[in-house]
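Enquirer: What follows is each chain in one-letter form.
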Amino acid sequence: MDDRLEKALDFSNLMITLNNQRNLIHEKFLENCVHYVNGGKFNVNRDIINFCHTLIQNGQKSAILLDDNNTPIEVKELEDFLDEILSIYSKNMNEYLQKFNEIKKNRSVEGILNI
Amino acid sequence: MKQGVLLFALNNKDVDYVKQALFCAKKIKCHLHLPVALVTDNRNYLTKRFPFFKKYIDQIIDIPEVNTNQTKRFLDGVYSIRKLPWKNHSRPDCYNLTPFDETIVLDADYIIGNDSLLNCFKLNQDFLIYRNPTDIASTLRKIQKFDRISDRSIDMWWATGFYFKKTPFMKMYFELVQHIKDNWPYYRLVYQIPHSTYRNDFSFSIAIHILRGFQLNPNWPIKMPGNMYMASDADMLHSVDGDKLSFICDYTSSGGYYVGVTVEDSNVHVMNKFSLGRAIDKDKEFANE
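Heads up: the protein sequence lines correspond to chains A and B, in order.
In terms of numbering that gives the first Met the number 0, the first sequence opens at residue 0 and continues consecutively.
In terms of numbering that gives the first Met the number 0, the second sequence opens at residue 0 and continues consecutively.
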């Protein structure tokens with residue numbers, strides 16, 4: 000086989016593995032960014048963080064939030080709730096970054112898969 | 000007992016579900032710290048082959064052995080197919096079998112890698128069930144056969160893992176599942192399922208469709224917390240290293256093109272039972288119990 004093609008195909012194989020592992024760590028990040036409170040389930044993302052922050056800035060101490068299952072959930076301590084979701088978001092974003100960098104620096108299939 | 004996990008292990012001649020259930024129970028104890036009850040038709044095999052079982056199984060629930068005529072094609076990678084007896088008849092009985100008030104029911108081939116299922120108990124719901132599994136090689140393929148119970152039929156829900164409370168509503172649900180099972184030749188025609196094999200995923204999905212008022216109701220049932228990762232029976236589990244599972248996945252419809260995939264700290268449904276059995280045998284920690 001032409002060396003140029005062989006090198007390109009090797010890289011292509013690496014990209015297949017890399018892309019799939021990146022997708023898996025993204026899925027893992029999304030899975031972990033969830034907060035359960037008062038029977039409700041909230042995906043923790045920038046939207047809900049900003050919304051809660053806005054409510055607190057407007058002087059609200061409590062709020063009724065619509066959860067991921069379209070259920071209205073009363074959150075009595077809004078500031079505590081914001082602290083909790085910020086903590087979840089930061090922790091998981093840090094883990095995501097760490098795993099992302101581990102994958103990025105590897106230039107072999109074995110390295111990406113950590114085997 | 001208030002909360003716990005119910006597992007089923009009904010061996011056939013080639014698949015050791017008891018071993019898989021014990022491995023699954025070990026992971027449950029590690030991550031969920033919940034009592035585990037095992038439903039089996041072969042207590043003798045469990046107690047003699049795995050004398051250490053009490054470390055992981057809190058209660059054995061005996062059911063009579065049923066010699067079913069039902070068979071299923073089991074893949075071990077793309078090129079190996081075996082037709083074996085498939086004893087999946089007892090799942091609709093889990094309402095009566097469970098010793099728990101709140102039960103998580105799992106397949107024996109479901110490997111727990113984190114504590115996300117503990118959130119089932121925080122959701123104030125009678126029933127939670129998996130809907131869309133996450134394919135471990137989803138960037139490379141789309142397995143459409145798991146979206147609906149057949150091409151022109153209803154959404155598929157997964158009896159691989161679900162949570163329920165013992166309530167009158169759930170009693171009605173499981174009685175309906177039993178009714179569907181008892182009248183399977185009728186229901187499979189109504190719901191346009193080409194294969195005659197009874198499958199719990201299908202009867203659970205049909206019961207959900209009926210109780211939803213035959214509508215696409217997005218508000219019930221609620222999905223199980225966390226992701227259910229899925230490795231198809233064409234994939235092979237290469238090794239288990241703690242909570243890191245390494246797979247070789249086929250990503251073409253014709254077969255023969257593989258990619259390595261590693262999944263960590265995740266709950267994974269390993270559909271290739273043979274490769275799961277081999278990986279458990281290779282797991283030194285489990286082998287040296």
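Worth flagging that the hints you see were computed from the coordinates, not collected in a lab.
By construction, the Cβ of each residue, glycine as well, lies at the ideal position given by its N, Cα and C atoms.
Worth double-checking, as some hints may not be accurate.
[Claimed, not checked] Mimicking DSSO-like on lysine-lysine, the simulated pairs with C-alpha atoms at most 27 Å apart in a straight line are: (1) B:K222 with A:K103; (2) A:K75 with B:K141; (3) A:K90 with B:K26; (4) B:K170 with A:K104; (5) B:K170 with A:K40; (6) A:K98 with B:K26; (7) A:K40 with B:K283; (8) B:K47 with A:K60; (9) B:K121 with A:K90; (10) A:K90 with B:K170; (11) B:K141 with A:K90.
[As the list claims (entries may be wrong)] Some but not every residue of chain A turned toward chain B, in silico, with C-beta under 10 Å: (12) A7; (13) N69; (14) E83; (15) S86; (16) K90; (17) Q97.
Enquirer: Does each hint hold? Answer for all of them.
Expert: Going down the list of hints, with the structure as the test:
1. Restraint check for K222 of chain B and K103 of chain A: not satisfied, since their Cα atoms lie roughly 33 Å apart, outside the 27 Å limit.
2. With a C-alpha separation of about 43 Å, the suggested pair K75 of chain A and K141 of chain B falls outside the 27 Å cut-off, and the hint is violated.
3. Between K90 of chain A and K26 of chain B, the direct Cα distance comes to roughly 24 Å. Compliance with the 27 Å bound is thereby established for this hinted pair.
4. Proximity of K170 of chain B to K104 of chain A is assessed by CA-CA distance (about 53 Å); at most 27 Å being required, the pair is judged violated.
5. Distance restraint check for K170 of chain B and K40 of chain A: the Cα-Cα separation of roughly 26 Å lies within the 27 Å cut-off, and the hinted pair is therefore satisfied.
6. Restraint check for K98 of chain A and K26 of chain B: satisfied, since their Cα atoms lie roughly 23 Å apart, inside the 27 Å limit.
7. Among the hinted pairs, K40 of chain A with K283 of chain B is inconsistent with the structure: their alpha-carbon atoms are about 38 Å apart, more than 27 Å.
8. At most 27 Å may separate the alpha-carbon atoms for a hinted pair to count; K47 of chain B and K60 of chain A exceed this at roughly 60 Å.
9. Under the criterion of a C-alpha separation no larger than 27 Å, the hint pairing K121 of chain B with K90 of chain A is consistent with the structure, at around 21 Å.
10. Restraint check for K90 of chain A and K170 of chain B: not satisfied, since their Cα atoms lie roughly 41 Å apart, outside the 27 Å limit.
11. The hinted pair formed by K141 of chain B and K90 of chain A fails the criterion: a straight-line CA distance of about 31 Å is larger than 27 Å.
12. Given the 10 Å rule on beta carbons, the hint for A7 of chain A is violated: about 17 Å separates it from the nearest Cβ of chain B.
13. The criterion of a C-beta within 10 Å of any C-beta in chain B is met by N69 of chain A, whose closest approach is roughly 6 Å, and the hint holds.
14. The closest approach between the C-beta of E83 of chain A and any C-beta of chain B is roughly 13 Å, which is over the 10 Å cut-off, so the hint fails.
15. Because the beta carbon of S86 of chain A sits about 17 Å from the nearest beta carbon in chain B, more than 10 Å, this interface hint is broken.
16. At a threshold of 10 Å, the smallest CB-CB gap from K90 of chain A to chain B is about 14 Å, leaving the interface hint violated.
17. Checking Q97 of chain A against chain B: minimum C-beta separation of about 12 Å lies over 10 Å; hint violated.
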